[in-house]
Amino acid sequence: MYGLMSRTRVIVAVVVATGIATLAGYGTAAASTSTGSATAKTSACGTKPGVKATGSPIRLGTIVTNQSGTSFTDISNMADAYFTCVNDNGGINGHPIHYYIETEQSNPAQIAADARQLVQTDHVVGVVGNTSIIECSVDSSYWKSHGYYVIASGIAPECYGTPNYADVNMGPRYSSDGAVQYAIAKGIKKIVFDQSNVPGTGYIAAGPNALAAKAHVSIVQLTEDVPIADADSVAIKEVDDAGPDGAVILNFTPPDALVILQAAQSLGIVDHVKMWGCSTPCNTDFLSQSLGKAWNSKLFVNAELTPPDSTSTATMKLYKAIYQQYGTTGPNKVSGGIGAFSEMGFTEAEIAVHALEGIKGAYTVKSVNAAFKGVKNFETGMMCQKWTYGSYPTHIANNEDYTVTPDNGKMVTAQGCTKISAVDPQIASYRKHAGTASLDPTSS
Amino acid sequence: MPSWQEFQPFIVTGLALGGVYALSGVGLVVLYQATGVVYLAFGAVGATGALLAWSLISVHVASWLAWIVCLAFSGALTLAYGMVFGPLLARRTPLVKATATLGLLLILYGAMDLLWTTSGGEVRSLTLPSDSHSFSIAGIQITYTQLIGLAIGVVITIATAAFLRFTKLGTAMRAMANDRDITATLGVPVRRVEAAAWLGCGVLAGVAGLLLADMVALDATTLTFLVISSLAAALIARLRSITLTFLAALLVGLVQNLMVPIPSLTNYNDMAPFVLAALALLALSRRRVIALSREEV
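Protein sequence lines, in the order shown, are assigned to chains A and B.
Our numbering numbers the first residue of the first sequence as 1 and each following residue consecutively.
Our numbering numbers the first residue of the second sequence as 1 and each following residue consecutively.
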C-alpha cells in the first residue's frame, strides 16, 4: 500500500512537472513571436548553398554568463545558429565550425578555468561571442599571453580598454553616454542617472558625468540594489530628484528597468519629468510590449545595433531567417527571440566567418587570430559604422548609435545614427588611436 | 533633511509595501503556530504559481482560471510538502525544519530559472484588472491593487485571529502550538490540523504571489526572496502574534521607504527589515520573552 502511494506520488509529481514545463515553454513561445517578416533564404549565409561542410572542423569557443537573473546565452546561441547555417551551406572552404560554449556564474576561478578548458582541452583556434559580467577582467591577460584576439560583446572595462578584445556593442558606459547625450540634445536641465549597484558603477558613471559637465547640466548619480523589490520608492526618488525639466536615465537589465517604469506609470508620475531614457538593455520588444502604449514616445532607448523592427536590409532578413530556421528549437534555442542580444551574436559570428573565409592555408591559432585582428572596415549591416579590429591599445569599435522608442509593442527609430560624443575621454582616446577607421560610414 | 511634503509619497508607498510584507508575514506565522515550521519557501511557491498563471494567460487561458490555477498549485504543492516532510521532520528542531523548506525554495528557484529563463532581455509582467483604477494621495496615484493588497492583509489578519480563537480547528492549532504530543494524546487529529494549516499557508502564498507579481515584479528572484523582509516582521512579532506581525510589517515598510529621501540613508534602506528584526530580537531576548524553540518554551 505504501509502495503504491509512493508510486502514485511520483507519477503525480512527474505529471505536474511536465505540465509546468509544457506551459512554460508555451508561454515563452507566445512571448517570442516578434520576428517580423523573414523572407531571406538562410543559404545566403554560406558560399555553397545546401552543401554540408564535411572537412576537418574549425574549433571556436566562447564564455558567457548564465546565472539566475542574468543570462547572455542568447548571444552565444545566435552565434551558434549562424555557424550551423554556415556549416549547412558549404562551411568555411568546406570546413565546418565546431563551436564550444562555456557558461559561467561570475566566479573568477571558474571563468579562468573555462578559458583554459577552451584552449588546452578543446583546442579552439579562435574565441567569438564572449559576453560576461567579469570575463574580460579575469581573462584579458590570458588571451593576450596566448595570442587570442577575442570578438566579443563587452561589459567590463577591460573589454574596451585592452588590446585583445574588440566588441560589436558599446557596453553599459558608452550606451549610457548615448542615452544621456540624447537627453541633453532635447534640452533637459537636469539628469538623474540610476544604475544597478554592481561592480563598475564608477567606471560607467564617468561617461555620463563628463557629458553632463560639458553641457553644464547637473547630474545626480543613483545606484539600486537589484533585483529591485521596492520600485515605487525608486521611481518617486528619481522623479523628485530630476524635477519637471529633468530626465531620468536608467542603466538596468530589462526586468529591473521594467519594474521602475511600471511603478512610475502606476504612480502617475511619468509626466513629472521631461523625459525618460535607458541604455541598450531596454531595447527589447518584450519591454515595449509590457509597458504598453502609455510609453510611446516617452521613453528613449539607446540602441547600439540596427533596430530590427524598422529595418529590412538583406542582412536583417538573413538574421531573421537564420533565427527562424536555427534559433527557435534545440538545446541552444535563442529564447529571447529577435532583439539586441541575438543581433550581437549574429554580428560576431558574421565577422568571424568573414575573417575565416579570408584565410589561405591551415586554420591555426596564429592564422585565425591574425585574420580576426585584420578585419577592417567590414560592413556588418547591423551597425551604424563599418567594423574594424585593428592593433589599438583600446577598442570601442562600435561608437555610433541609434535611439529607439516604444511604439505599440515595438521599438522604432527615434533618431538615426549619431556618434557618441568624444567628450567622454575614453571615446576621445579610442578615436585618437583608431583614426578615421572607427568613423567610416556604412553603405546601407 | 527633506521636507514633510517630500516625505508624504514615501509614507503612502511605505504603507503599501508594508501591506505586501504583511500578507506573507501572516501566512508564515499561522503555519509556524500550527506546525513549528518557518516556511522559507513561501515566496518561491507564490512565485512559481504566479509564473504558471502568466504562462496560462500567455496561451490565452482566461485570467480568472489562471489565478485559480495559481492558488490551487500553491496550495497543493505546500500541502504535499507538508504531508510528505511534516511527519518525517516533526520531532526535529525548528532549525532543521526551516532548513528543509530552504531546500524546497532552492529546488523551485532552480526550476523557475530553467523554465522561465531571463535570457535575451526577456521580461514578463502580470497585470490585474484592479490596476486600471486608481486615486491620488500626496501627489501620487494609488492603484486598487495596492489597496486590495493592504485590505487583504487586514482581512486575513482579522479572519485568522478570529479563526484561531473561535473555531474548533483554530483551537486545535493553538493547542498544537503549545505541545503537539499532548494535543495528539487528547485525541486531536494533528495530521488533519497540520494539513489544514499547510493548505491555508499555500493558498496564501499563491494570493501573495499574484499580488506581488503585479505590485512588485513578476521575477523569480524578487518574489522568492521578498519573504525575507516578511520574515523580519514575523520575527519582530516573535512568530506568535499575527496582529503584531501585521503592524510590524507596516512598520518595516514605512521605515524602509522613509529612509529613501534622506540622502545619507538612501543606500541603506534595504537593510531596514533586518536591522529592525535584530533590534527587536535583542530587546526581546534581554527580557527573556522569546524562546529559541518551541521545545524550550
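Think of the hints as simulated: they come from the structure by calculation, not from any bench.
Please note: incorrect hints may appear among the correct ones.
One-sided excerpt, in silico: chain A residues whose CB lies under 10 Å from chain B [claimed, not checked]:
1. Thr73
2. Ile134
3. Ser137
4. Ser140
5. Ser141
6. Val198
7. Gly202
8. Glu224
9. Ala231
10. Ala235
11. Asp256
12. Gln262
13. Phe286
Computed far set for chain B versus chain A, every beta-carbon distance over 12 Å [unchecked claim]:
14. Val154
15. Gly187
16. Asn267
Selected chain A positions facing chain B (in silico; Cβ < 7 Å) [unchecked claim]:
17. Ile101
18. Thr162
19. Thr201
20. Pro227
21. Ala229
22. Asp230
23. Asp241
24. Val259
25. Gly292
26. Lys293
27. Ser312
Everything numeric in this text was worked out from a predicted model, so none of it was measured.
In this text, a Cβ means the ideal position worked out from N, Cα and C, and glycines have one as well.
Going through the hints against the structure:
Interface hint status for Thr73/A: upheld, as the beta-carbon distance to the closest one in chain B is roughly 5 Å, under 10 Å. With a cut of 10 Å, the hint placing Ile134/A at the interface with chain B is violated, because the nearest CB-to-CB distance is about 18 Å. For the restraint placing Ser137/A at the interface with chain B, the shortest Cβ-Cβ distance is roughly 22 Å, beyond the 10 Å limit, so the hint is violated. The interface hint given for Ser140/A is broken, as the beta carbon of that residue sits about 24 Å from the closest beta carbon of chain B, more than 10 Å.
Given hint, Ser141/A at the interface with chain B, is violated; its Cβ is 28 Å from that chain's nearest Cβ, farther than 10 Å. Contact between Val198/A and chain B, as hinted, is not supported at the beta carbon level, the nearest pair being about 14 Å apart and thus beyond 10 Å. Interface restraint check for Gly202/A: the shortest CB-CB distance to chain B comes to about 14 Å, outside 10 Å, so the restraint is violated. Interface hint at Glu224/A: satisfied, since its Cβ lies 9 Å from the closest Cβ of chain B, which is below the 10 Å cut-off.
With 10 Å as the threshold, the beta carbon of Ala231/A comes within range of chain B, its nearest partner Cβ sitting at about 7 Å, so the hint holds. Annotation: Ala235/A was flagged as interfacial toward chain B, and the flag holds, the nearest CB pair being 9 Å apart, inside 10 Å. Residue-level restraint check for Asp256/A holds (minimum Cβ-Cβ distance to chain B is 8 Å; threshold 10 Å). With 10 Å as the threshold, the beta carbon of Gln262/A comes within range of chain B, its nearest partner Cβ sitting at about 7 Å, so the hint holds.
Interface hint at Phe286/A: satisfied, since its Cβ lies 5 Å from the closest Cβ of chain B, which is below the 10 Å cut-off. Even its closest Cβ contact with chain A, about 20 Å, leaves Val154/B beyond 12 Å, as expected for a residue assigned away from the interface. At roughly 25 Å, the least C-beta separation between Gly187/B and chain A is larger than 12 Å, which holds for a residue marked as non-interface. Distance check on Asn267/B: its Cβ comes as close as 7 Å (rounded) to a Cβ of chain A, failing to clear the 12 Å threshold; non-interface status is violated.
For Ile101/A, the suggested interface contact is broken, since its CB lies about 13 Å from the closest CB of chain B, more than 7 Å. Taking 7 Å as the C-beta contact cut-off toward chain B, the hint placing Thr162/A at the interface is violated, the least distance being around 26 Å. For Thr201/A, the suggested interface contact is broken, since its CB lies about 11 Å from the closest CB of chain B, more than 7 Å. At its closest, the beta carbon of Pro227/A sits 4 Å from a beta carbon of chain B; the interface hint therefore holds under the 7 Å criterion.
Because the closest C-beta pair between Ala229/A and chain B is about 6 Å apart, less than 7 Å, the hint holds. A hinted interface residue such as Asp230/A counts as satisfied when its beta carbon comes closer than 7 Å to some beta carbon of chain B; here the least separation is about 6 Å, so the hint holds. With 7 Å as the threshold, the beta carbon of Asp241/A stays out of range of chain B, its nearest partner Cβ sitting at about 9 Å, so the hint is violated. For Val259/A, the shortest C-beta to C-beta distance to chain B is roughly 4 Å, which falls under 7 Å, so the interface hint holds.
Residue-level restraint check for Gly292/A is violated (minimum Cβ-Cβ distance to chain B is 9 Å; threshold 7 Å). For the restraint placing Lys293/A at the interface with chain B, the shortest Cβ-Cβ distance is roughly 13 Å, beyond the 7 Å limit, so the hint is violated. For Ser312/A, the interface hint is violated, the least distance from its beta-carbon to any beta-carbon of chain B being 22 Å, above 7 Å.
Hint violations for this structure: numbers 2, 3, 4, 5, 6, 7, 16, 17, 18, 19, 23, 25, 26, 27, all remaining hints satisfied.
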